[in-house]
Amino acid sequence: MLVTGSGSGVGRGIAMALAREGAHVIVAARSEVGQTVADTIAARGQLATWARCDVTVRESVEAAVDLALATTGRLDAVVHNATSNASSQPHRLEDVDSSLWGDHYAVSVGGAYHCAAVAYRPLSRRGGTLLVMTSPAGIEGSATLPLYATMKGALRGFAKSLAREWGPDRITVNVVSPLAYSPAMTAAIEAEPAMEERLARRIPLGRIGDPESDIGAAIAFLVGPNARYITGQTLGVDGGHYMNL
Amino acid sequence: MSCTVLGSRETIARALATGLGAVICDLDAPLPSETEGVVIVVGIDPATEPSDTSTISATEWSRLAEEPMRRTLCALQRSRLSMRGRGGSIVLVAPTIGMAGAAGLVALTTAAEGIRAMAKSAARQWASEGIQINTIAVPMHVFAPALRTSASHLTAAAVEDDDETLTESVVETTKFLLRRDLKHIVGETIIVDGGSVMLP
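So the sequence lines, in the order shown, correspond to chains A and B. Each residue of the first sequence is one higher than the last, beginning at 1 in the working numbering. Each residue of the second sequence is one higher than the last, beginning at 246 in the working numbering.
Because the hints were derived from the structure by calculation, they are not lab data. Be a bit skeptical, because a hint or two may be false.
Between beta-carbon pairs, the in silico distance windows are [unchecked claim]: (1) Ser-247(B) - Leu-69(A): 32 to 40 Å; (2) Arg-126(A) - Ala-292(B): 30 to 38 Å; (3) Arg-329(B) - Leu-199(A): 46 to 54 Å; (4) Ala-70(A) - Ser-302(B): 25 to 33 Å; (5) Leu-199(A) - Glu-409(B): 36 to 44 Å; (6) His-91(A) - Glu-294(B): 31 to 39 Å; (7) Glu-294(B) - Leu-199(A): 40 to 48 Å; (8) Pro-90(A) - Cys-319(B): 35 to 43 Å; (9) Gly-330(B) - Pro-90(A): 22 to 30 Å; (10) Ala-70(A) - Arg-308(B): 31 to 39 Å; (11) Met-246(B) - Gly-224(A): 52 to 60 Å; (12) Ser-213(A) - Phe-421(B): 28 to 36 Å.
Owing to the predicted nature of the structure, the values given are computational and were not obtained by experimental measurement. Beta carbons are placed, not taken as given, at the ideal position from N, Cα and C, and that holds for glycine.
Model the full structure from these sequences, guided by the hints.
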């Protein structure tokens, strides 16, 4: 199973959870932190391989998928979790220029297209899964992160159509909307410790999710054998934070 | 109210311009200054044909997925500039198919749902400037008649499929959303399709 953007945060948690469930995980990340994640998984006695992967470059995604096939002989799932480094930086829509647009689009939506185009054939062999990530911002817009919201909304349109297109091949395509600790959230909490409690109070289950045990566990279900009749859906894994869907 | 419709003359944009008594301009054209109302008909190529995501070229993907979103962003930015200091109303017209998905139309629905999220975000950011933004969702065939069969999996409309009255409903709904006295309808999507797609 291949997880993009898995060098840290939620992606790392997903990779750890899938490995714990017995998958050989391809930790697709642009930098050497991917190797660190793979080493951490290996230290647990589980299987992982780092693929240096930039999802904005099709050849890079092809190389990661090729590595998965060479290493394990199969590809059962792709989780496209990567987002632009700029995605958590507040901006105004009127100020968006080509550069900022390109940063957001290339990783989120361009990356999803590359993952789909490259992974289709290996996923179709056994009826695998493609997962993409969204957020409440993609459903109801965002006053602070309009481009992030745009891309997250776009990914829902992407997944619904792809679920219909790939249904005959038994490939499921779903969307997960997580709420969990990420490097950006952790940094924000360090800057303003009261934010953690404030956010937790708005979550019915009273806490911010853990990338591995909360988000990763849900992902492991969606890519696993017990979820083969679930496709085209958006699943909030957020402690009940967003229920407007 | 001075109103401009941005969109291709080959689409419902022409009927909207006639019904609203508005100027019609290409989606990428400059807006007349001091515009109070702008209708943005999302730029979907009427000649779009279904294609497999695994085989569509990067160029075609970009044309069908990225380009409509970027053009809409630019149209929104220009609309805001023309309303600056006075406020105004912006109505986007987009296809319903993004909400339900369709095989062979992954790029198109990616753009459609990205644009709806973009419109909601713009509505949140620009409401304080007196700019209201809402979306009307209409059947796919309004944009691309040849794609009518690509939406055949959708639930049948509750009212008879009749393009003439559908267009009339779209025009009247647009007039409603352009009203300046409805301050609390913001970032909404109103589906005008005879009751086919009914959101939960």
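Hint check:
{"no.": "1", "hint": "Ser-247(B) - Leu-69(A): 32 to 40 Å", "in the structure": "violated (60 Å)"}
{"no.": "2", "hint": "Arg-126(A) - Ala-292(B): 30 to 38 Å", "in the structure": "holds (37 Å)"}
{"no.": "3", "hint": "Arg-329(B) - Leu-199(A): 46 to 54 Å", "in the structure": "violated (35 Å)"}
{"no.": "4", "hint": "Ala-70(A) - Ser-302(B): 25 to 33 Å", "in the structure": "holds (27 Å)"}
{"no.": "5", "hint": "Leu-199(A) - Glu-409(B): 36 to 44 Å", "in the structure": "violated (51 Å)"}
{"no.": "6", "hint": "His-91(A) - Glu-294(B): 31 to 39 Å", "in the structure": "holds (36 Å)"}
{"no.": "7", "hint": "Glu-294(B) - Leu-199(A): 40 to 48 Å", "in the structure": "holds (46 Å)"}
{"no.": "8", "hint": "Pro-90(A) - Cys-319(B): 35 to 43 Å", "in the structure": "violated (21 Å)"}
{"no.": "9", "hint": "Gly-330(B) - Pro-90(A): 22 to 30 Å", "in the structure": "holds (24 Å)"}
{"no.": "10", "hint": "Ala-70(A) - Arg-308(B): 31 to 39 Å", "in the structure": "holds (34 Å)"}
{"no.": "11", "hint": "Met-246(B) - Gly-224(A): 52 to 60 Å", "in the structure": "holds (56 Å)"}
{"no.": "12", "hint": "Ser-213(A) - Phe-421(B): 28 to 36 Å", "in the structure": "violated (49 Å)"}
Of the numbered hints listed earlier, those contradicted by the structure are 1, 3, 5, 8, 12.
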